[in-house]
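Engineer: Chains as they are written, first to last, in my numbering: chain U, 1 to 143; chain P, 1001 to 1124.
Hints are computed from structural coordinates only; laboratory data are not their basis.
Accuracy of the hints is not assured; some may be wrong.
[Claimed, not checked] FRET-style restraints, in silico, Cβ to Cβ:
id, chain 1, residue 1, chain 2, residue 2, range
1, U, R13, P, A1057, 48 to 54 Å
2, U, V106, P, L1022, 16 to 22 Å
3, P, Y1059, U, V121, 25 to 31 Å
4, U, Y111, P, L1022, 15 to 21 Å
[Said to hold, decoys possible] Taking beta-carbon pairs under 8 Å as the criterion, some of the chain U residues facing chain P (in silico):
id, residue
5, F24
6, A29
7, I40
8, M58
9, G100
10, V107
From the three backbone atoms N, C-alpha and C, an ideal C-beta is built for every residue, glycine too.
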Amino acid sequence: MAEKSRNLSLSQRGMNFETLMWYFTRLSALAMYGFILFAIIGALVMGARTQMNFADMMRWGFMPNGTHVQNSNVTDLEPWVSPFWKLMGSGLLLVAVAHGVHGLVVVCDDYIASARGRQIVRFLSIIMMLAMSFIGLYIIWTS
Amino acid sequence: MGLKRNVSLFTGLRYQGKGPMLTFVLHRIGGVGMAVFVSIHLLASFLGGSGGQLANAIYEHWVFQLFIFFCALFHAINGLRITILDLWPKLIEYQQEAIWVEWAVFIPVYGFAVFVIIRTAAGG
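With the hints as extra help, turn the sequences into a complete structure.
Structural biologist: Now the structure itself:
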């Protein structure tokens, strides 16, 4: 019988960056569920029940941005573009970009075997993550 | 290493992974699809111009919406299954049942979305 894992140090239990990202992927998935359900509940409170259809609601849920409800029957856009929803959208964006870019790295690792190739993938992933985060924030806060 | 494929492509395609393999493939297609097309959508909204407008017009077309809704909904529901089974490892015994539940949730929700998107596209 091996020693109880609880008594080992974190590194001896195999805790490294990849393990940390493994946890991050799962926990960020739960966080995105929280953001999306919160946005949908918020939409219902703001009157989506009579002014939006299911597809518009899902579009708003996946990114609470004012441009996503412009084509629905919402009469007063004011509450939908408040700083509060921009903040919520920013949170969802940052979590989603990190989750998505890490997902792409995992997919690439399945097909790219060389150490050099994997290094290039990681370098490109960091650039993509920063670029998408900044572009997304720019769109959310200026639209 | 496990990085070399020892079977022919044809054998690989006939791999009998069944339900769990199907969810794996769809999860991957959905994830990569979302990453690629949401990035394009973001860049198009950022750059604007005629190219951006064309890209967003394609993105907002109802046929494309059906595809991207499939990606997002399946990835979300399958991701929740993976998260729950991974964070509570004892439940892995019930993976097959979890996959049935997953389809039982996905099919009605996606079916309703398809119904609404097509009805809106048809002008109703």
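Engineer: Next step is simple, just say for each hint if it's right about the structure.
Structural biologist: Evaluation of the provided hints:
no., hint, result
1, U/R13 x P/A1057: 48 to 54 Å, "holds, 51 Å"
2, U/V106 x P/L1022: 16 to 22 Å, "holds, 19 Å"
3, P/Y1059 x U/V121: 25 to 31 Å, "holds, 26 Å"
4, U/Y111 x P/L1022: 15 to 21 Å, "holds, 20 Å"
5, F24, "violated, 12 Å"
6, A29, "holds, 5 Å"
7, I40, "violated, 12 Å"
8, M58, "holds, 6 Å"
9, G100, "holds, 5 Å"
10, V107, "holds, 6 Å"
When held up to the earlier numbered hints, the structure conflicts with 5, 7 and fits the remainder.
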